[in-house]
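Engineer: I would like the entire structure built from these sequences, with the hints used as guidance.
Listed below are the residues making up each chain.
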Amino acid sequence: MAIYTGETYDTRTHRVDQLPNLGNDADPQPFTYLHSPASWECVDLAEHGIEAPERYEWTPRLKKFAHRVGVNGVDMRAGGVGRAIGAMREAGWVVVDLEHGPNGASYVRALKTSRGVRYCDAFTSFVKVGPNRYAPRFDRLGYLQWRRELVRSGVLPLPAPEILEGAIDTVKNQINRLEMRAHLPHVAEKVEALRAKLAGMQRHKFATDNNQAAPKRGRSRGESA
Amino acid sequence: MSAILHSNLETDLRMASALAANLRVLLADRASLRTSGCIQYAGSVNGALTDTLAERFAGLDGYDAMTATAAEDTDVSATALTDSSANIVVARHAIRRDISDLATLTGNGGISPQRLAQSMVGEYDALFNALVCTALTGISTDVGSTGVDFSVSDFYDALFTLELANVPPAYHAILHPRQIADLQESARAEGGAVQYMPATAELLTIRGQGYSGNFLGVDLYKISAVTSSGGDRHGGMFGTGAFMYRTGMVENIIGSTVIRADEFAVEFQRDASKAITEVVGHAYVGVALVEDSRAVGIVTDA
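Going line by line, the protein sequences match chains A and B. Numbering-wise (numbering that gives the first Met the number 0), the first sequence opens with residue 0 and increments by one. Numbering-wise (numbering that gives the first Met the number 0), the second sequence opens with residue 0 and increments by one.
Please note that the accuracy of each hint is not assured.
According to the in silico footprint, chain A covers these stretches of chain B (three or more CB under 8 Å from chain A) [to be verified]:
#1 96-108
#2 139-148
Cross-link-like lysine to aspartate or glutamate pairs, in silico, EDC-like; alpha carbons within 20 Å at most [claimed, not checked]:
#3 A:K127 - A:D24
#4 A:K171 - B:D97
#5 A:K171 - A:E191
#6 A:K196 - B:D97
#7 A:K171 - A:E188
#8 A:K127 - A:D138
#9 B:K273 - B:D97
#10 A:K189 - B:D148
#11 A:K196 - A:E161
#12 A:K171 - B:E162
#13 A:K204 - A:D43
#14 A:K189 - B:E184
#15 A:K189 - B:D300
#16 A:K171 - A:D43
#17 A:K189 - A:D43
#18 A:K204 - A:E164
#19 A:K196 - A:E46
#20 A:K196 - A:E40
#21 A:K171 - A:E40
#22 A:K196 - B:D300
#23 A:K196 - A:E164
If you're looking for bench data, these hints aren't it; they were derived computationally from the structure. Glycine residues also receive a C-beta, built at the ideal position from the N, C-alpha and C atoms.
Structural biologist: What follows is the structure in structure tokens.
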């Protein structure tokens, strides 16, 4: 005689896997990373603990193009997102395909929350900080290394020098504004830091020519104590 | 003789706890960019034969200048007209709430179909804020640094970017509360004639929640829906005309009780067999960045 048993059903597992309402910390729709050729920033690698021959390196900024109908040309019909992204590409934006995510995986992550599926990038995680409260934690180093890798691999083209000059001018203006109060110690520190950054910016270094760790200095063999 | 105590009466004559009569709303961002005037209304798509209208731009009225001719009888060649366009797509957005008759009749008016319908004004404004903040990410030029707090220097950089592009004022800035707080902190350390003018109570009454004041001639709006990416908040500063929106309105809804507001409609649908009233809000709206050159992104630490 056949005996039928049901499968174990336990809703607790589902609830444990589900995050509460994350509010504006997670997106209600997926996204595609876009890069504007005019949007570059100069990053201090030492601040992120990265050893490199050049301390300051130009890194591209990325923007999330949300797959949200009714915004920036995304329509409701099939292929609406593709058409809108195509229009952005025609306008000069560079599209970062999903296959170029970290370690070859997609850079979009889906989260189950009490309000449905929400999306975030591969560098964002959520940690419990209180009763039913989660805070986002962002892996800045990983995000920076991934952007550097996009430059090294040629996914993101290098910018024209004129674009960098615009950003360099803004730092020069900051120095000019602060120099009037450089007699104050904390302002003098800021000015010195900005001057060092300006010098680094003017060297126009990118990840393509800055991917070797700085050689460690130490006593050479045979040197007497 | 035992005294009559509240604790004694709780069995039959008193309640251990009860709900207060007043219904208050939870803390939320109830700002309205729609009524702020910084996002231009481009019109309705009703009767347009499409849900996507392209805003047309032509290089006229001084875009090109006359040039001197070599001689009085020089044959002048034609100057090409520069043009561009940007699409605004109108899409359907909706929210639905169901309420049973028992929930309505046992209440004191705090939660009722009418109150749910009234609440849809706020829900539409929240949608509008989210659409505008999502549209901000389409700006191609940015100021600020990843992982660095927003400062007065970044504010000046954004202002200079707009002025160098010859964007006519008025300027507006849509910033996350984190960015506003960082700006205020940075402004404390500024000397000289720089003045942050916070929103007074009168201005808040006129402009509504979300208006955060004026700084260096730029109206500031504090919106929680400003998106985050890369550990940063992506706000923006722009001149009037950078962002536009369109709406659509269903004129005749047959078979349903409808309340029409300016840009959205609320429908009541009755499920009599379940004794449930469905309150559904519909909005047909689309927002787009139509002139990128009038805007600059502000990307600073979240």
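Engineer: Run every hint past the structure and note whether it holds.
Structural biologist: We went through each hint and held it up to the structure:
1. Counting residues of the stretch 96-108 of chain B whose C-beta sits closer than 8 Å to any C-beta of chain A gives 0, which falls short of three, so the coverage hint is violated.
2. Against chain A, the stretch 139-148 of chain B contributes 7 residues with a C-beta closer than 8 Å to a partner C-beta. That satisfies the three-residue criterion, and the hint holds.
3. A hinted pair counts as satisfied when its Cα atoms are at most 20 Å apart, and K127 (chain A) with D24 (chain A) qualifies at roughly 13 Å.
4. About 59 Å separates the Cα atoms of K171 (chain A) and D97 (chain B), which puts this hinted pair outside 20 Å; it is violated.
5. With a C-alpha separation of about 12 Å, the suggested pair K171 (chain A) and E191 (chain A) falls inside the 20 Å cut-off, and the hint holds.
6. Note on K196 (chain A) and D97 (chain B): the hinted pairing is violated, with a Cα-Cα distance of about 58 Å set against a maximum of 20 Å.
7. As the CA atoms of K171 (chain A) and E188 (chain A) are separated by approximately 15 Å, the hinted pair is consistent with the 20 Å bound.
8. Distance hint between K127 (chain A) and D138 (chain A) is fulfilled; the C-alpha atoms sit about 16 Å from each other, no more than 20 Å.
9. With a CA separation close to 11 Å, the supplied pair K273 (chain B) and D97 (chain B) stays within the 20 Å bound.
10. Taking the CA atoms of K189 (chain A) and D148 (chain B), the gap is near 14 Å; set against the 20 Å cutoff, the hint holds.
11. Our distance criterion of 20 Å between C-alpha atoms is met by K196 (chain A) and E161 (chain A), whose separation comes to about 18 Å.
12. About 17 Å separates the Cα atoms of K171 (chain A) and E162 (chain B), which keeps this hinted pair within 20 Å; it holds.
13. Our distance criterion of 20 Å between C-alpha atoms is met by K204 (chain A) and D43 (chain A), whose separation comes to about 12 Å.
14. The suggested pairing of K189 (chain A) with E184 (chain B) holds, with an alpha-carbon distance near 16 Å, which does not exceed 20 Å.
15. Under the criterion of a C-alpha separation no larger than 20 Å, the hint pairing K189 (chain A) with D300 (chain B) is consistent with the structure, at around 18 Å.
16. Simply put, K171 (chain A) and D43 (chain A) have alpha-carbon atoms about 17 Å apart, close enough for the 20 Å limit, and the pair holds.
17. Distance restraint check for K189 (chain A) and D43 (chain A): the Cα-Cα separation of roughly 14 Å lies within the 20 Å cut-off, and the hinted pair is therefore satisfied.
18. Pair hint K204 (chain A) plus E164 (chain A) holds up; C-alpha atoms about 13 Å apart against a cutoff of 20 Å.
19. Our distance criterion of 20 Å between C-alpha atoms is met by K196 (chain A) and E46 (chain A), whose separation comes to about 12 Å.
20. For the proposed pair K196 (chain A) and E40 (chain A), the alpha carbon gap of about 11 Å is at most 20 Å, so the pair holds.
21. Distance hint between K171 (chain A) and E40 (chain A) is fulfilled; the C-alpha atoms sit about 14 Å from each other, no more than 20 Å.
22. Simply put, K196 (chain A) and D300 (chain B) have alpha-carbon atoms about 19 Å apart, close enough for the 20 Å limit, and the pair holds.
23. Restraint check for K196 (chain A) and E164 (chain A): satisfied, since their Cα atoms lie roughly 14 Å apart, inside the 20 Å limit.
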